[in-house]
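Whole structure, please, built from the sequences with the hints as guidance.
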Amino acid sequence: MFDSVEDVQQRFKNARYIASRRISTVVYLSERMGRPVLIEGPAGVGKTELAKTLADITNRPLIRLQCYEGLDEGKALYEWKYAKQLLYTQLLKDRIGELIADAPSLPDAVARIAGQDDAFFSFRFLSQRPLLSAIQSDQPVVLLIDEIDKAEPEFEAFLLEVLSDFQVSVPELGTVKAKHVPLVVLTSNNARELSDGLKRRCLHLFIDFPAPAEELEIIRLKVPEIPAKLASAVVAAVQKIRALELRKPPSVSESLDWARSLVILNAQALDAALVESTLTMLVKYEKDLERVKGALDKVLAP
Amino acid sequence: MDERILEFIGDLRRAELRISPSEALDALAASAEVGLIDRETFKATLAATLVKESRDLETFDRIFNLYFLDLQALGEGIKKALGPEDARVQDLLDRLVDEDGLELDDLTELLMRGEGSEMEMAIRAGGQNAGLERLMYFLQVGYFSRKIQDKFDWSTIERDIEKIMRMLEAKGLDPGQLARIRNYLELRLEAFNRMIRQHVERELERRAYRQGEKLTREVLSDKPLFALTPDEVAQMKNVVARLARKIKDALALRQRQEQRGRLDARRTIRRSLSYGGVPMEVFLKRRHREKPKLITICDVSDSVRNASRFMLQLVWSLQECFSRVRSFVFVSEIAEVTQAFATYPVERGIEWALKAAPVDYHCRSDFGFAFSRFANTELESLDRKTTILMLGDARNNYNDPQAWALRLIRERVKGIIWLNPEGQWGWGIGDSVMPMYAPSCDLVRECRTIGQLGEVVDNLVHHWWRRGR
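Read top to bottom, the protein sequences are chains A and B.
Read in order, the letters of the first sequence correspond to residues 1 to 302 in the numbering used here.
Read in order, the letters of the second sequence correspond to residues 1 to 469 in the numbering used here.
It cannot be assumed that every hint is accurate.
[Said to hold, decoys possible] Under the rule of at most 35 Å between Cα atoms (straight-line distance), these lysine-lysine pairs were calculated in the DSBU-like manner:
#	chain 1	residue 1	chain 2	residue 2
1	A	Lys-52	A	Lys-81
2	A	Lys-248	B	Lys-385
3	A	Lys-52	A	Lys-13
4	B	Lys-285	A	Lys-81
5	A	Lys-150	B	Lys-293
6	B	Lys-43	A	Lys-248
7	A	Lys-284	B	Lys-355
8	B	Lys-293	A	Lys-52
[Stated by the list, open to error] Some chain A residues well away from chain B (every beta-carbon gap over 10 Å; in silico):
#	residue
9	Leu-92
10	Ser-169
11	Ala-243
12	Asp-257
[Stated by the list, open to error] Covered by chain B, per the in silico footprint, the following chain A stretches (three or more residues, Cβ under 8 Å):
#	segment
13	20-27
14	74-87
15	193-204
Quick caveat, the hints were computed from the structure, so don't treat them as lab data.
Note that CB positions come from ideal geometry on N, CA and C, so glycine has one too.
What follows is the structure, given as structure tokens:
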């Protein structure tokens with residue numbers, strides 16, 4: 001699918017995603033080795049976006065599984081449609097009656113019904129959740145398992161099983177094996193230590209806040225209408241704000257939002273009043289806001 | 001190259017990175033996939049397959065740079081050392097070999113015409129059985145460099161150089177040119193020798209790093225808390241953060257496990273309606289578990305300054321993890337610092353608690369007075385859900401211990417846990433009044449080292465809150 005690491009980098013760039021050498025290498029390896037990628041890093045540096053772009057450039061559909069506390073197999077893998085099964089048995093009461101009408105004994109009748117198991121435990125009555133649909137899909141897909149750290153450790157163990165063989169066993173149906181090995185991307189915000197097993201299974205990628213030059217490139221690419229001078233001023237200011245000890249330092253997504261709002265306001269350069277009035281785009285906590293406002297002259301210093 | 005990578009992995013392991021055999025195999029397979037042409041790519045490949053904790057990346061970077069040197073930079077370094085003459089003389093030498101049938105020893109060939117990377121390989125091969133594993137001090141660098149140099153047959157090289165010079169002379173070059181060429185060849189020899197020395201020095205650094213890294217990790221967790229340097233305190237911060245997370249994980253697990261209980265008839269029947277009255281899904285009543293309520297009281301007098309800096313770090317993390325934590329500090333006067341800890345980041349919060357809290361820092365610590373004040377002002381706000389975490393050495397400077405105050409507090413709360421940064425052998429000796437307070441406490445632990453603190457925290461989680469007292 002990819003010819004080389006450079007090819008990955010170029011294709012990401014064409015899809016308007018600046019992938020560093022490190023990122024491209026890991027994506028390339030993941031595809032070549034059929035390994036999931038585990039991406040860690042602060043919120044808003046483009047972890048989820050990476051998976052979306054990957055789906056985009058490989059022309060594969062994206063299947064997303066958002067993790068949360070309490071997520072279990074039923075919601076991630078598959079569930080029987082009990083209500084539908086029940087309804088069908090009700091509707092088919094007569095046919096079932098016919099089937100066992102001439103059975104000589106009770107065990108015989110049970111055996112006949114058991115023989116019809118397949119009718120009620122088939123894919124027709126299975127509602128597929130993201131993991132199963134990723135495995136079952138006829139065309140290769142990109143599977144994004146978002147914020148895996150939010151799910152419980154038990155779920156992780158279960159996921160490990162799925163990710164190591166790309167197969168799932170449904171007791172009534174047997175083992176479902178993946179037709180194509182999906183490209184799997186897991187993201188984590190490090191709210192919890194992930195298990196060693198899962199980490200061992202994955203290629204690990206840590207994405208940090210980008211370096212100034214990289215961030216400038218991202219802003220220029222994503223907000224092309226921004227004046228060059230303003231873009232560099234935005235990057236310089238954001239970098240300085242990150243250096244302040246904030247509860248939640250602004251991420252790339254925030255600096256993009258800020259750049260966009262500055263463009264809408266038709267700004268040509270940053271000044272104290274402008275920054276103060278648009279600061280909420282960048283900093284999300286009241287206390288952080290005060291801190292930045294207090295250090296505004298430092299932030300804007302050339 | 002595989003061997004080289006495996007050796008590198010061995011070094012990472014010695015620096016306490018956990019790398020499993022399957023990860024090592026991954027690294028080999030992956031590096032075969034991308035090749036070695038681009039250093040950055042190669043590095044990213046190894047990092048992705050071997051390093052699974054972002055905090056280990058820094059260690060990885062350092063060891064990687066010691067291990068896989070930047071050949072391109074090296075080659076350029078040599079070029080610079082040789083000056084602009086390089087290309088022309090090189091040309092001349094190439095012509096001599098190709099056209100005039102000059103025969104040179106392999107080694108001379110390498111030294112005179114080789115690339116940086118080939119020279120590096122030769123040096124590495126030479127160093128293989130030079131006993132480099134005994135290299136430990138900087139003073140040995142010279143000795144080992146010599147030893148590697150001795151592996152090469154210098155007389156052959158000199159003979160070859162003479163041969164080259166004679167051939168050039170026969171070609172009718174003037175003495176000026178000849179001198180320049182001889183100079184060039186000598187420069188190359190010198191560069192080679194310098195590379196040998198660099199190789200040995202890097203090897204030393206690698207070894208020192210291995211040892212050092214292991215030492216810090218081992219010693220840190222056994223080092224008394226009051227003897228930590230600022231740098232070590234910074235490293236400790238990570239450990240405390242991990243401990244705090246452990247507590248949180250354990251609590252969350254417990255809360256989930258408690259989701260079994262009695263049948264919730266109302267919800268079960270409600271849901272059964274969608275299955276025609278058949279209770280397909282059963283719901284259980286969730287028992288609500290109280291959130292732990294925690295009060296920490298920390299001694300910040302001069303005698304335990306460093307220990308309390310560390311304890312306060314724990315307190316700050318606890319406060320961040322749990323919603324219902326109140327923190328107090330005292331010398332003899334006692335003051336609440338909950339608000340400050342909630343407002344300031346950890347460093348500043350601790351500085352504030354150690355310097356600017358409304359207590360008199362210049363008097364001697366007086367546990368008795370602090371407890372009686374606490375009992376007077378806070379007794380009303382205590383209840384059976386509260387656990388008190390005491391952090392102090394119980395050295396009361398011969399003041400009245402007022403143990404009744406602690407008894408009184410104990411009666412109102414779920415329990416008192418006392419962590420003492422002083423060794424158990426010292427309790428009760430001199431002005432230590434630990435034995436007088438101990439009966440009022442549910443748990444008294446010596447907590448001198450980070451290792452002990454880890455044990456205590458595990459204990460707290462497993463026995464204290466789990467037992468649900």
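Evaluation of the provided hints:
For the suggested pair Lys-52(A) and Lys-81(A), the alpha carbons sit about 30 Å apart, so the restraint of at most 35 Å is met. For a cut-off of 35 Å, the pair hint linking Lys-248(A) to Lys-385(B) stands: about 32 Å separates their Cα positions. Simply put, Lys-52(A) and Lys-13(A) have alpha-carbon atoms about 13 Å apart, close enough for the 35 Å limit, and the pair holds. Taken as a hint, the Lys-285(B) and Lys-81(A) pair is honoured in the structure, with Cα atoms around 25 Å apart against an allowance of 35 Å.
The suggested pairing of Lys-150(A) with Lys-293(B) holds, with an alpha-carbon distance near 25 Å, which does not exceed 35 Å. A C-alpha spacing of about 30 Å is found between Lys-43(B) and Lys-248(A), which places the hinted pair at or below 35 Å, so the restraint holds. For the suggested pair Lys-284(A) and Lys-355(B), the alpha carbons sit about 31 Å apart, so the restraint of at most 35 Å is met. Simply put, Lys-293(B) and Lys-52(A) have alpha-carbon atoms about 43 Å apart, too far for the 35 Å limit, and the pair is violated.
The non-interface label for Leu-92(A) is consistent with chain B: the shortest C-beta to C-beta separation is roughly 15 Å, beyond 10 Å. Interface exclusion of Ser-169(A) from chain B stands, the closest Cβ pair being 23 Å apart, more than 10 Å. Residue placement check: Ala-243(A) keeps its beta carbon more than 10 Å from all beta carbons of chain B (closest about 13 Å). The beta carbon of Asp-257(A) sits about 25 Å from the closest Cβ of chain B, which is more than 10 Å, so the claim that it is off the interface holds.
With 4 residues bearing a CB less than 8 Å from a CB of chain B, the segment 20-27 of chain A meets the requirement of three and the coverage assertion stands. Only residues whose C-beta sits within less than 8 Å of a C-beta in chain B count toward coverage, and the segment 74-87 of chain A has 3 of them, enough to reach three; the restraint holds. With 7 residues carrying a beta carbon less than 8 Å from a beta carbon of chain B, the segment 193-204 of chain A meets the three-residue requirement, and the given coverage holds.
Checked against the numbered hints above, the structure breaks only hint 8 and satisfies the rest.
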